[in-house]
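J.: Listed here are the chains, written in short residue letters.
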Amino acid sequence: MAGISDADLKEMTQEERVKALGMTTEQLTGKSLYIEFDPDADERFTYPWAPEVDFNKRTEIDTDEMDTTEVNNQIRALMAEGYGTIVLKNPRGKHSIGVGILSKLNLIIEGSTGYFGVGLIDGPNVRITGRVGWSCAENMMSGTVIIEKNAGSTFGAALRGGDLVCRGSVGSRTGIDMKGGSIIVGGNTGSLSGFMMQRGRMVFCGDAGKDLGDSMYDGTIYVGGSIQSCGVDAIEAELTDVDKAWLTRKLTQYGLMPDKGVDHFTKIVAGKQLWNYDNLEAHEKKLIL
Amino acid sequence: MAGTQYRGSEITDVDQFVKDAGGLESDREKEIGQHIGYRYDVNLVPDYKRITPFLEKYMEVMGWDDLNWLEDIHMGYEEGMPAVFDRNANGWVRIPDSIALPDNQQDRDMIARELLVKFQMSDKHPLASLRKAYMKF
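Protein chains in written order, with my numbering: chain E, 1 to 289; chain A, 1 to 137.
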């Protein structure tokens, strides 16, 4: 609400802030539920609260003696000072580093990370020169993440958007519950990759383990090598010219274009036989009643 | 039951859900009274020849070589009105009447992407006030 500064809000408890901003007193009766775009909205490219950072302003953090929270707080403090390129040295497999970055940034991690690295990010470009543990870039909203070596299981779990690239191989359940974005893997992937996938695209230049795309609702999986087996409702589809053009563009962009091109890729999509909630509804009602 | 081979009906016309808000085609959809599946092709990849100057600048500012997360943004249709799903607000945001709809989905998607970025980055976005109320200082 206009007239209340951040300094004023800072002095309040959360409950007071919510009331001061009118969030619990807003008149909802008669209010339209629909929101409409403003065709005259300003041209703005970052969130209003995002720090102004410059990619050309670079710094390094030696994380050897720091814990995860200290590293993450230090990244935020440097972004507030305008640093747009931050290099993390000696990460030594720390878990959950680089999480929750919600604005543009070049983050370079020189080494390997533990589990849940660079999760919940919205915008940054990340390059990790080593390996990553479980659930790297889970819930990523936008940006790019490039891993130079191998990755653990649940790589890109619940990914919402952006490009997640692993030049090596990845573990099982890659892209589980993925809702958008692209996962690109230069090597192989383990079992149950694309489990419950809902949207987005996955590319595996190597082989895929058993039950690929199990219970997927939508989205597309491209596999360059062999597929041990497809999961429930995952079926092969025709690789179209549009698919080939997209694969060529993305794989070239990340330097993963196979020597033999993209014609050999197998395309896996949802058979859409699981779109039957309404068929089940009547039975559920009977059970409840 | 799962595995009954029901797949929803195909989208045949770019204005299908503008002309017919329900968009009920198949017998099954008519029976249950709702369209099944997305109201646009979620797997449609963007045609970069149709990109707008604003989106080009957005890519440059963010340091991306392509549209990144916006590749998954499409113009959809809510109750017969063109709209875009805003994941940050978890709801549909409608396209105003003053914006003329192009005759193809690719150009519509580019408009949708541009409007969504401007909306998400504005102070008027619901997330801006929510953040003020609930953020940690």
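Be aware that a few hints might be false.
[To be verified] Derived DSSO-like pairs (lysine-lysine); straight-line CA-CA distance at most 27 Å:
id : chain 1 : residue 1 : chain 2 : residue 2
1  : A       : Lys19     : E       : Lys244
2  : E       : Lys57     : A       : Lys57
3  : E       : Lys31     : A       : Lys57
[Claimed, not checked] Sample of chain E residues at the chain A side, in silico, Cβ under 10 Å:
id : residue
4  : Thr46
5  : Leu78
6  : Ala80
7  : Gly84
8  : Val87
9  : Lys250
[What the hints assert, rightly or not] Label pairs and their calculated CB-CB ranges:
id : chain 1 : residue 1 : chain 2 : residue 2 : range
10 : A       : Asp97     : E       : Gly30     : 18 to 26 Å
11 : E       : Arg127    : A       : Leu101    : 49 to 57 Å
12 : E       : Met23     : A       : Gly33     : 53 to 61 Å
13 : E       : Arg58     : A       : Lys49     : 48 to 56 Å
14 : E       : Glu52     : A       : Ile32     : 46 to 54 Å
15 : A       : Glu10     : E       : Gly225    : 44 to 52 Å
16 : A       : Tyr38     : E       : Phe45     : 50 to 58 Å
17 : E       : Glu16     : A       : Asp97     : 34 to 42 Å
18 : E       : Gln198    : A       : Leu101    : 25 to 33 Å
19 : E       : Lys57     : A       : Ile32     : 51 to 59 Å
20 : E       : Glu26     : A       : Gly80     : 39 to 47 Å
21 : A       : Asp103    : E       : Pro48     : 44 to 52 Å
22 : E       : His264    : A       : Asp27     : 50 to 58 Å
To be clear, the hints were calculated from the coordinates, so they are not data collected in a lab. Built from N, CA and C at the ideal position, the CB exists for glycine as well.
J.: Compare the structure with each hint and give your call.
T.: Right, here's what the structure says about each hint:
Between Lys19(A) and Lys244(E) the CA atoms are separated by roughly 33 Å; this puts the pair beyond 27 Å, and the hint is violated. Our distance criterion of 27 Å between C-alpha atoms is met by Lys57(E) and Lys57(A), whose separation comes to about 20 Å. A distance of roughly 36 Å separates the Cα atoms of Lys31(E) and Lys57(A); the hinted pair therefore is violated under the 27 Å criterion. Among the interface hints, the one on Thr46(E) holds; its C-beta lies about 6 Å from the nearest C-beta in chain A, closer than the 10 Å criterion.
With its C-beta approaching chain A no nearer than about 17 Å, Leu78(E) sits outside the 10 Å limit, and its interface hint is violated. A cut of 10 Å between beta carbons decides the hint on Ala80(E): the least distance to chain A is about 14 Å, and the hint is violated. Using the Cβ-Cβ criterion of 10 Å, the hint placing Gly84(E) at the interface with chain A is satisfied: the shortest such distance is roughly 9 Å. Here the hint on Val87(E) is broken, as its CB sits about 16 Å from the closest CB of chain A, past 10 Å.
For Lys250(E), the interface hint holds, since its Cβ comes within 10 Å of a Cβ in chain A; the closest pair sits about 8 Å apart. Taking 18 to 26 Å as the suggested C-beta distance range, the pair Asp97(A) and Gly30(E) conforms, at roughly 22 Å. Between Arg127(E) and Leu101(A), the C-beta spacing of about 40 Å breaks the proposed range 49 to 57 Å. The beta-carbon spacing between Met23(E) and Gly33(A), approximately 35 Å, falls outside the hinted interval of 53 to 61 Å.
Range check, Arg58(E) to Lys49(A): Cβ separation about 35 Å, and the 48 to 56 Å hint is violated. Against the hinted window of 46 to 54 Å, the Cβ-Cβ separation of Glu52(E) and Ile32(A) comes to about 51 Å, which satisfies the hint. Distance hint for Glu10(A) and Gly225(E): a CB-CB separation of about 32 Å, inconsistent with the stated range 44 to 52 Å. Checking the proposed 50 to 58 Å range against Tyr38(A) and Phe45(E) shows it is violated: the Cβ atoms sit about 28 Å from each other.
Roughly 41 Å separates the CB atoms of Glu16(E) and Asp97(A), a value that falls within the hinted 34 to 42 Å. Separation of Gln198(E) from Leu101(A) is about 27 Å and conforms to the stated range, judged on CB atoms against 25 to 33 Å. Between Lys57(E) and Ile32(A) the beta carbons are some 57 Å apart, a value that agrees with the proposed interval 51 to 59 Å. The hinted range of 39 to 47 Å is not satisfied by Glu26(E) and Gly80(A), whose Cβ atoms lie roughly 28 Å apart.
Judged by the Cβ atoms, the range 44 to 52 Å given for Asp103(A) and Pro48(E) is violated: they are separated by roughly 35 Å. The hinted range of 50 to 58 Å is not satisfied by His264(E) and Asp27(A), whose Cβ atoms lie roughly 40 Å apart.
The structure does not agree with the numbered hints 1, 3, 5, 6, 8, 11, 12, 13, 15, 16, 20, 21, 22 stated previously, though it agrees with the rest.
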